[in-house]
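Colleague: Position chains B, C and D against the provided structure of chain A, taking the given hints into account.
Okay, here's what each chain looks like letter by letter:
There are 4 protein chains.
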Amino acid sequence: MKYSFRNDYSELAHPKILELMIKSANEQNIGYGLDVHSDRAKSLIEKHIKRKVDIHFLAGGTSANKILISHVLKSYEAVISVESGHINVHEAGAVEANGHKILYYPGKNGKLLPEEIVDSVLIHCDEHMVIPKLVYISNATELGTVYTKEEIIAIKEVCEKYNLYLFIDGARIAQALVSHENDLDLNDFAELSDAFYIGGTKNGAMIGEALILVNPLFKKNFRNSIKQNGGMLAKGYLVAMQYECLFTDNLFYVLAKHAVDAGMLLRDELQKEGVEFLIDSNINMQFIIINNEWLKKLNKLYDFEVWKRIDNNKSAIRLVTSWATDIKAIHEFMKDFREIKNA
Amino acid sequence: MKYSFRNDYSELAHPKILELMIKSANEQNIGYGLDVHSDRAKSLIEKHIKRKVDIHFLAGGTSANKILISHVLKSYEAVISVESGHINVHEAGAVEANGHKILYYPGKNGKLLPEEIVDSVLIHCDEHMVIPKLVYISNATELGTVYTKEEIIAIKEVCEKYNLYLFIDGARIAQALVSHENDLDLNDFAELSDAFYIGGTKNGAMIGEALILVNPLFKKNFRNSIKQNGGMLAKGYLVAMQYECLFTDNLFYVLAKHAVDAGMLLRDELQKEGVEFLIDSNINMQFIIINNEWLKKLNKLYDFEVWKRIDNNKSAIRLVTSWATDIKAIHEFMKDFREIKNA
Amino acid sequence: MKYSFRNDYSELAHPKILELMIKSANEQNIGYGLDVHSDRAKSLIEKHIKRKVDIHFLAGGTSANKILISHVLKSYEAVISVESGHINVHEAGAVEANGHKILYYPGKNGKLLPEEIVDSVLIHCDEHMVIPKLVYISNATELGTVYTKEEIIAIKEVCEKYNLYLFIDGARIAQALVSHENDLDLNDFAELSDAFYIGGTKNGAMIGEALILVNPLFKKNFRNSIKQNGGMLAKGYLVAMQYECLFTDNLFYVLAKHAVDAGMLLRDELQKEGVEFLIDSNINMQFIIINNEWLKKLNKLYDFEVWKRIDNNKSAIRLVTSWATDIKAIHEFMKDFREIKNA
Amino acid sequence: MKYSFRNDYSELAHPKILELMIKSANEQNIGYGLDVHSDRAKSLIEKHIKRKVDIHFLAGGTSANKILISHVLKSYEAVISVESGHINVHEAGAVEANGHKILYYPGKNGKLLPEEIVDSVLIHCDEHMVIPKLVYISNATELGTVYTKEEIIAIKEVCEKYNLYLFIDGARIAQALVSHENDLDLNDFAELSDAFYIGGTKNGAMIGEALILVNPLFKKNFRNSIKQNGGMLAKGYLVAMQYECLFTDNLFYVLAKHAVDAGMLLRDELQKEGVEFLIDSNINMQFIIINNEWLKKLNKLYDFEVWKRIDNNKSAIRLVTSWATDIKAIHEFMKDFREIKNA
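Chains as they are written, first to last, in the numbering used here: chain A, 1 to 343; chain B, 1 to 343; chain C, 1 to 343; chain D, 1 to 343.
Keep in mind that a hint or two might mislead.
Chain copies aren't distinguished; within one or between two, either way the pair holds.
When the alpha-carbon atoms are kept at most 30 Å apart in a straight line, the in silico DSS-like pairs for lysine-lysine are as follows [claimed, not checked]:
1) Lys161 with Lys50
2) Lys220 with Lys308
3) Lys156 with Lys220
4) Lys23 with Lys2
5) Lys149 with Lys52
6) Lys314 with Lys161
7) Lys341 with Lys296
8) Lys23 with Lys219
9) Lys341 with Lys297
10) Lys314 with Lys23
11) Lys257 with Lys23
12) Lys219 with Lys156
13) Lys161 with Lys308
14) Lys308 with Lys272
15) Lys2 with Lys308
16) Lys23 with Lys300
17) Lys308 with Lys108
Derived from the structure by calculation, the hints contain no laboratory data.
Remember, it's a predicted structure, so these values are computed and weren't measured experimentally.
This is chain A alone, in the form it adopts within the complex (with noise of 0.2 Å):
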């Protein structure tokens, strides 16, 4: 088997996840999230949050982002995102499929950029054209950049001016919150949003997103979009225990920051051979630009995913480490990059 790169997903779930199921195994639960890992789960996440806060454990992003913009929003409103936002392009027209238009800009660095929304704004403006309503980002984007608080902060500030929802994908927003560049933590997000999610599957959690609703308006019925949109698993509580273990002993930062000291720790090594990277990125995913040949060879010994073609000789590749990776698996990739690369 050839190491992976590709994700932070690869791995089922850290051992004292599989340790709280292993002890509840016998346990009799209520169904649909109304259980007591549910309960326990949300209190550990409230703690960190100083609002009054509504807590939806669900399965996955695209399922995420789906109910709650179609919950918050009419058909004739519209979502603004960033071009390479993952709800237009890696989630098959979900959004769409329930209704919304996603107007797309191209931004910086995978960061949407507060004029574009005001541009946005202005110029959609009678009643044959949507309405903006919502602005989406994900924090980290999916270009492993992270928004530093007087960047959201001047994104809120145009959502306030012309009543925009503000919505965060936090699917890396573990990773987000230990990267050197953040200076948010989770109360920020709840203060600076009308909602957010707090990233699981991608954190060491086998399954779930957890999606926290600020905006009191976001709150009515949310359970009924959930379910229509078929997002209520009958084993809830299978959700609620990996949060309940992540919210446990810091686990939560303590898997993100391994994931970044682990990315961080490539990103150094890469930059002593001198190579380009595609974007910086100070997260848990590093994109570098090679000549297809050493691609080639690389990919013999690691799973990784091509990103984008650069030109005819060139492509960008995407590495991924994770709360799951062997420290030793990087210098072992490094040891290959440099044959390759001297070969």
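Modeller: Here is chains B, C and D on its own, set in the frame of chain A:
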């Protein structure tokens, strides 16, 4: 804690499933159902089916119903269902949210009647009406009844005559298969339907329904529909592991038999007490009619669902046994029941 | 050409409407319903209504129903309708295509019963089910019956008690208003409903339904919903002109009275012949039951709709009179009918 | 009243159309487009097309686009459009409301480029993304440009290579056909597209777009889609009469030619004044850039649309001529323009 007869998904998962998960915890698996566990689980299921089918592992029943139906129908095509059908009552409008009308009929004992299908087709005769195109039945039904082969063949013949698809919701297909009323096997379902699913959640799995696509027309781009509906799990191998285990050493049937045997024991014991039944069910769900005083007392000791009001004094309650039901708990329950009755 | 009793929209438009159109042919008007004819037509209608309402001119009934319902409901909210309701049977699934379930009940004589609404609300009690939120009735109904004020008040009271909207499909409201059973006026409909429409197409207009939004919650961004559903005509003034004319010199009532008088004449004459009626209708639609031999012979001379099969020998047919019906044609029809009967 | 150059649908209808309507006012016609006028209008259009096509008369362009696109696509299939495309900007999200993503590209002069289509297809390569399936172009475009036969063939070839449908929005196809840039006829559009429509509303009709279905796959149950989308008029013969008239004695071309001739006159006169044009348009829409002072003064005398802001001092305005434009009004306009300019 009160012992619960509320449903068959109160316990996390059968120990053998947890064992496999622990054993696999250090593996790196490809995401989105393209992993080796998915391959293995598919092979194990395919052994029971003589036709070439596509198998997709999904997270839940609503998701399976919603995705299959909207994948195969045009928006002006409608579903025919019995009034008590899960899609018609308990999925929060999931099928309609994806654009399709459900035409519902009274049926008999929770089963749809072939003549109701014929009527539906004949009435819907011009472009001002929807076109009935897919027949949805559940086996076992919502009321715990089980279709015979003869009954399903009669429905299938109507479907063929009028060019309709037949889709079978198998959330409790395991319990149906081991019921003494049953004269079908998994291959029969593949022969007689265009698609059906093999429920895991209610038969010992932590999560999952295995959707079997028989009709070649259904297979194209099905994964796009899964993704678009938020049904594609990053760690798809989690669901696959459930089926890998359930379809090893007949565990699937062993668990269902335990659940149904427990149901039959409960029924026999209640019959001895002269209890009135709402319907004659031969699976792991028993619906009994008791007076509200007894109900209150029983409910202090046991957890169960109040199914429906009968009159001012009486209600029907649903008692569900499962793969995890302790036979001792049934005897305990009966002892308490007799005490309440004789008080 | 056979004389047609098929429906009340066989003739293009009343001559006065054509006159206004010819007179206006050289004007330049603003598009999309922002023109002076729209203003005038709204003023004329508003004179009949004491509340502050919004009025939108739409092209057809399906469009009006679909747009209103999907504008005001969340996708998990459902419509309550009588089984024979136009939206439930004759709109090709238009409401479901926009994501909403229709909960349908048998009703009586084409009218929804208040107790059916109560039942529906009480049954739909948790997030696994849709939430009934809008009651849809038609006046006159599909079967030609007319609601009394008492009946509509009874429905309205249930709606208020359970926080439901009441929407009245008025495709044939003109015919209802002039029926001898009627004790309501246009203002009553505004007082008793959240929205209703005043049908033009079936009462002398070339095209158009005037949708009256009473509930302030319905008004916001309604034009966006019209546009998104393809219901906004570039030459909106075309529809407005119809209403400008219909609401001048009581033409609206004059035309409806002619249609209903013709219907009553037809009914009286048929009753004299001892004909069996399917239902007691006091508007311009009469449903009679005749044997299939007579039906065939009549159909060679006149055009009408075969409404439903009664048994092997008999069918119900629908005879519709209109603002344009020539009274002589009714006498001619009766003469032919008697000849067939006495042959 | 100010003379209006706002659009080409300010006047009700050409007198010949009104004549036919008056002549037909006493007829009884079958509803829903099954009448003799529809048959006649279809025959007249079919004379221009050598293939066997289906023709449906619809009320408006948004309706035509929305119905065609959602009828032929699965929900995970997407539309490729130029960014300025009518469906992308000016239909309030109608296509997305029916579940489909629009992938939009910059294009050139309002025209989509074949290489943009190729890029779109190549990028969308797995089930996490939508599948581009239908190419939407308008002719004339929103910016008044006209595709050459060579350009459309280039697009068609890409469509055939990648198994995409080509759909042409012909709201202003008449104006394109008579433009001096044009080298196509109606039959060419049938040869080169899977479907297109022949706009009536902007070329003298009171209402209507004639949708031509060329691809046999599109034809099945199309009337169900029309009905479900609220696009089926009870008095369908009203729209048919428009086309019966437009396609008699070449009225369709005569009216378009008048509109375009007027546009060319206006362009020539403005060019003489040294006015700057936003784009080179050869149809009945001229986009000129003027300073805001002139704009204000002109707007006191004439009605027109302010198309876009150029900078703090200048704006682009759109001047539209039509079949009804009085040539004297153009000379009047130029006189006033010169006065403002020379003031």
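Colleague: Cα distance capped at 30 Å. Does Lys341 pair with Lys297 within a copy, between copies, both, or neither?
Modeller: The answer is within: 10 Å in one copy meets 30 Å, while 70 Å across copies does not.
Colleague: 30 Å Cα cut-off: does Lys149 pair with Lys52 within a copy, between copies, both or neither?
Modeller: within (21 Å within a copy, 47 Å between copies)
Colleague: If the cutoff is 30 Å on CA atoms, where do Lys23 and Lys219 land: within, between, both or neither? Let me know, please.
Modeller: neither (33 Å within a copy, 40 Å between copies)
Colleague: First find the shortest C-alpha distance between Lys308 and Lys272 inside one copy, then the shortest across copies, and answer within, between, both or neither for a cut-off of 30 Å.
Modeller: within (23 Å within a copy, 51 Å between copies)
Colleague: For the identical chains here, do Lys220 and Lys308 meet the 30 Å Cα criterion within one copy, between copies, both, or neither?
Modeller: between (42 Å within a copy, 27 Å between copies)
Colleague: Are the CA atoms of Lys161 and Lys50 at most 30 Å apart within a copy, between copies, both, or neither?
Modeller: Classified as within: same-chain Cα gap 24 Å, cross-chain 37 Å, threshold 30 Å.
Colleague: First find the shortest C-alpha distance between Lys23 and Lys300 inside one copy, then the shortest across copies, and answer within, between, both or neither for a cut-off of 30 Å.
Modeller: Between copies, since 27 Å is at most 30 Å while 41 Å is not.
Colleague: Please sort Lys341 with Lys296 into within, between, both or neither, judging by C-alpha distance up to 30 Å.
Modeller: within (12 Å within a copy, 67 Å between copies)
Colleague: Indicate which option fits the pair Lys257, Lys23 if close means a Cα-Cα distance not exceeding 30 Å: within, between, both or neither.
Modeller: both (27 Å within a copy, 26 Å between copies)
Colleague: For the identical chains here, do Lys2 and Lys308 meet the 30 Å Cα criterion within one copy, between copies, both, or neither?
Modeller: Classified as within; 22 Å inside a copy, 56 Å across copies.
Colleague: Within a copy, between copies, both or neither: which one fits Lys314 and Lys161 at a CA-CA cutoff of 30 Å?
Modeller: between (44 Å within a copy, 27 Å between copies)
Colleague: Are the CA atoms of Lys308 and Lys108 at most 30 Å apart within a copy, between copies, both, or neither?
Modeller: Both ways: Lys308 and Lys108 sit 17 Å apart in one copy and 26 Å across, limit 30 Å.
Of the hints listed earlier, those the structure fails to meet are numbers 8 and 10, in rising order.
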